[in-house]
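Chemist: Here's the letter readout for the chains.
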Amino acid sequence: MAAVEVKPPVLAIGPLAWVRKHLFSTWYNIALTLLAVWLLSILLGPAVQWATTEARWGVIEANLTLFMIGQYPRDQIGRVWLTIFILAGLIGLSWGVWKNAARGFALIALSAGMAFILIALFFGWDVWDEWLLAEAILLSFYFIGRYLPRGALIATLAWLLYFPLVFLLIAGTRYIATLPPVDSSLWGGLLLTLLLTVVGNFGALPLGILLALGRRSKLPVIRYFSIGYIELIRGVPLITILYTASVLLTLFLPINIRPELVIRAMIGFIIFEAAYQAENVRGGLQAIDRGQYEAAHALGLNGTQTTVFIILPQALRAVIPALFNSFISLFKDTSLVAIIGLFDIVRVARSILAQPEWLGTHREVFLFAFVIYWTFNLAFTYGSSRMEEALGVGKR
Amino acid sequence: MNETNNTQEIIICRDVHKWFDHFHVLKGISLTVQKGEVIVIFGPSGSGKSTFIRCLNRLEEHQKGQIIVDGKELGNDVRNVETVRQEVGMVFQQFNLFPHLTVIQNITLAPFWVKRVPKEQSRELAMQLLRRVGIPEQADKYPAQLSGGQQQRVAIARALAMQPRIMLFDEPTSALDPEMIKEVLDVMVELAKTGMTIVAVTHEMGFARAVANRMIFFDKGEIVEQGTPHQIFNNPQSDRTKLFLSQILRH
Chain A
187 MAAVEVKPPV
197 LAIGPLAWVR
207 KHLFSTWYNI
217 ALTLLAVWLL
227 SILLGPAVQW
237 ATTEARWGVI
247 EANLTLFMIG
257 QYPRDQIGRV
267 WLTIFILAGL
277 IGLSWGVWKN
287 AARGFALIAL
297 SAGMAFILIA
307 LFFGWDVWDE
317 WLLAEAILLS
327 FYFIGRYLPR
337 GALIATLAWL
347 LYFPLVFLLI
357 AGTRYIATLP
367 PVDSSLWGGL
377 LLTLLLTVVG
387 NFGALPLGIL
397 LALGRRSKLP
407 VIRYFSIGYI
417 ELIRGVPLIT
427 ILYTASVLLT
437 LFLPINIRPE
447 LVIRAMIGFI
457 IFEAAYQAEN
467 VRGGLQAIDR
477 GQYEAAHALG
487 LNGTQTTVFI
497 ILPQALRAVI
507 PALFNSFISL
517 FKDTSLVAII
527 GLFDIVRVAR
537 SILAQPEWLG
547 THREVFLFAF
557 VIYWTFNLAF
567 TYGSSRMEEA
577 LGVGKR
Chain B
516 MNETNNTQEI
526 IICRDVHKWF
536 DHFHVLKGIS
546 LTVQKGEVIV
556 IFGPSGSGKS
566 TFIRCLNRLE
576 EHQKGQIIVD
586 GKELGNDVRN
596 VETVRQEVGM
606 VFQQFNLFPH
616 LTVIQNITLA
626 PFWVKRVPKE
636 QSRELAMQLL
646 RRVGIPEQAD
656 KYPAQLSGGQ
666 QQRVAIARAL
676 AMQPRIMLFD
686 EPTSALDPEM
696 IKEVLDVMVE
706 LAKTGMTIVA
716 VTHEMGFARA
726 VANRMIFFDK
736 GEIVEQGTPH
746 QIFNNPQSDR
756 TKLFLSQILR
766 H
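Chains as they are written, first to last, in our numbering: chain A, 187 to 582; chain B, 516 to 766.
Source of the hints: derived by calculation from the structure; they are not laboratory data. Take the hints with a grain of salt, since some may be wrong.
Unchecked claim - Sample of chain A residues facing chain B (criterion: CB under 7 Å; computed from the structure):
#, residue
1, Gly489
2, Thr493
3, Ile496
4, Gln500
5, Ala504
Where a beta carbon is used, it is the ideal one built from N, C-alpha and C, also for glycine.
Throw the hints in and build the complete structure from the sequences for me.
Modeler: Below you can see the structure in the form of structure tokens.
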């Protein structure tokens with residue numbers, strides 16, 4: 187019998203069809219839609235009216251640099267741009283090397299850069315050419331990445347080098363004349379928030395992996411230490427750890443080592459985040475089939491080789507969603523450093539409110555802080571879910 | 516220590532016992548395997564045959580008795596265990612390929628890291644083995660992209676890449692669809708004919724008839740009977756062997 191090919195049924199598509207199907211399909215659906223529109227207009231109407239007529243958005247424009255970098259010396263601002271340019275290059279390189287896995291982040295970066303150019307041109311700010319340069323760097327490194335031999339290795343190394351390099355650029359050193367030291371109490375705004383997020387997360391990940399492995403160790407000393415650490419840290423709020431780090435850390439350290447407040451906060455975040463990353467990674471380790479260990483042992487691989495080449499790559503890949511979830515959590519939690527006296531976005535916002543010419547602009551300022559956090563998280567979420575898709579997380 | 520080289524006895528088990536908690540799973544197994552011998556172990560499920568074969572490379576630890584593989588006694592000496600594992604290849608029922616690595620990476624990983632075979636050379640060896648098991652064109656795919664039979668053939672190539680002196684097969688065809696069993700058995704038969712020492716737990720009686728030197732019937736943690744395939748199939752001595760053979764050969 188000849189097989190008859192049946193075409194899939196034709197479905198109505200397009201925005202109009204969507205609207206009809208989801209909003210106006212039945213009489214009660216129509217009623218609900220109208221009710222919702224009416225409620226929204228009551229709730230949002232005044233807000234929209236305020237935003238378009240009363241709000242003094244000038245406060246944002248006047249303090250934009252403060253929001254971005256805090257009190258970082260304005261004559262050293264080129265160093266911040268340099269970290270952005272290198273980041274653009276790295277994102278482009280990763281896109282070229284890893285294709286789909288990094289494409290989400292690259293597209294986000296490209297469109298964000300484009301948006302900044304347009305905004306800057308619209309308001310007549312003079313930063314549009316810097317963003318254009320960043321876009322150009324991103325695209326050129328994309329092409330370099332596509333044809334680079336051993337690209338994966340180079341890109342990995344470059345990312346690993348990037349973090350210490352950023353630190354060097356921002357903090358400066360007295361050994362390089364063009365990079366004079368900038369006191370960490372001057373770091374602030376979005377710059378500080380991002381530094382804390384990145385250092386906290388990437389510092390905590392190796393520690394978290396070790397703790398997760400330790401928790402499954404056959405040696406009781408290591409196992410109980412790991413369990414003790416994880417449960418102790420998870421049992422107290424982040425703010426107490428930050429206070430401890432800012433006030434008590436100096437008690438435990440030798441007398442001649444007095445890390446600056448920012449560094450102490452970073453250590454606090456690493457200590458805190460490691461416990462959570464450890465539990466994330468442990469979830470991945472537990473998902474690995476026993477047959478994987480047996481196959482590795484049967485081939486003669488020793489314990490370390492089995493862990494490094496067979497178990498960890500699979501475990502980490504399985505928990506990418508959880509790791510990104512922690513990343514986003516920590517990004518928001520950095521706002522707590524305002525309490526111990528660091529000038530992150532939230533603290534900058536409060537300091538702006540103290541400026542005599544901008545008294546009473548709470549709504550504008552906090553709405554802007556809200557938008558910054560939200561935009562960044564949206565970008566992280568989009569980039570990471572594209573990455574998960576490309577790596578086939580949860581599909582295998 | 517060098518008794519194996521003189522006598523050609525490559526595996527010696529003396530009165531091996533093992534317990535899972537209070538369950539006595541191996542009750543005094545004694546068995547000697549000559550170099551180049553092909554041994555087929557069969558028996559009902561739960562008889563301890565898989566546990567026994569897994570003791571031979573210490574994936575399971577025996578608690579009493581002696582196991583000597585290629586002159587090295589398996590015990591608490593980690594170095595002996597590691598040496599033995601390098602000389603003994605194993606193929607599992609569930610293949611246990613590494614899903615995050617390509618076929619070629621699966622095969623070259625252990626030679627490169629354990630035996631320090633240079634990258635180029637281990638790659639060449641891997642391609643040679645893939646040709647031998649008939650799937651050189653799959654080298655750069657991931658295990659999940661292959662059929663069960665192909666995966667098991669990659670697993671065999673992976674074990675052979677360490678150039679083992681002994682191969683252990685733990686029910687290598689039990690997880691395969693019927694049409695794929697033959698392609699795996701063909702590779703095993705070819706391997707047996709090269710003179711490799713093989714210990715296989717399997718119910719593939721055709722394989723046993725074709726290449727086994729000796730068949731061993733396991734039941735309730737003991738060796739009930741052993742003999743050549745001819746003896747076992749045509750003149751089994753024990754009632755338990757007869758009953759089991761009648762059950763698996765009925766169809």
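Chemist: Run every hint past the structure and note whether it holds.
Modeler: To see whether the hints hold, each was checked on the structure:
A distance limit of 7 Å between C-beta atoms decides the matter here; for A/Gly489 the minimum to chain B is near 10 Å, and the interface restraint is violated. Here the hint on A/Thr493 is broken, as its CB sits about 12 Å from the closest CB of chain B, past 7 Å. Here the hint on A/Ile496 is kept, as its CB sits about 6 Å from the closest CB of chain B, short of 7 Å. Given hint, A/Gln500 at the interface with chain B, holds; its Cβ is 5 Å from that chain's nearest Cβ, closer than 7 Å.
Because the beta carbon of A/Ala504 sits about 10 Å from the nearest beta carbon in chain B, more than 7 Å, this interface hint is broken.
The earlier numbered hints that this structure contradicts are 1, 2, 5.
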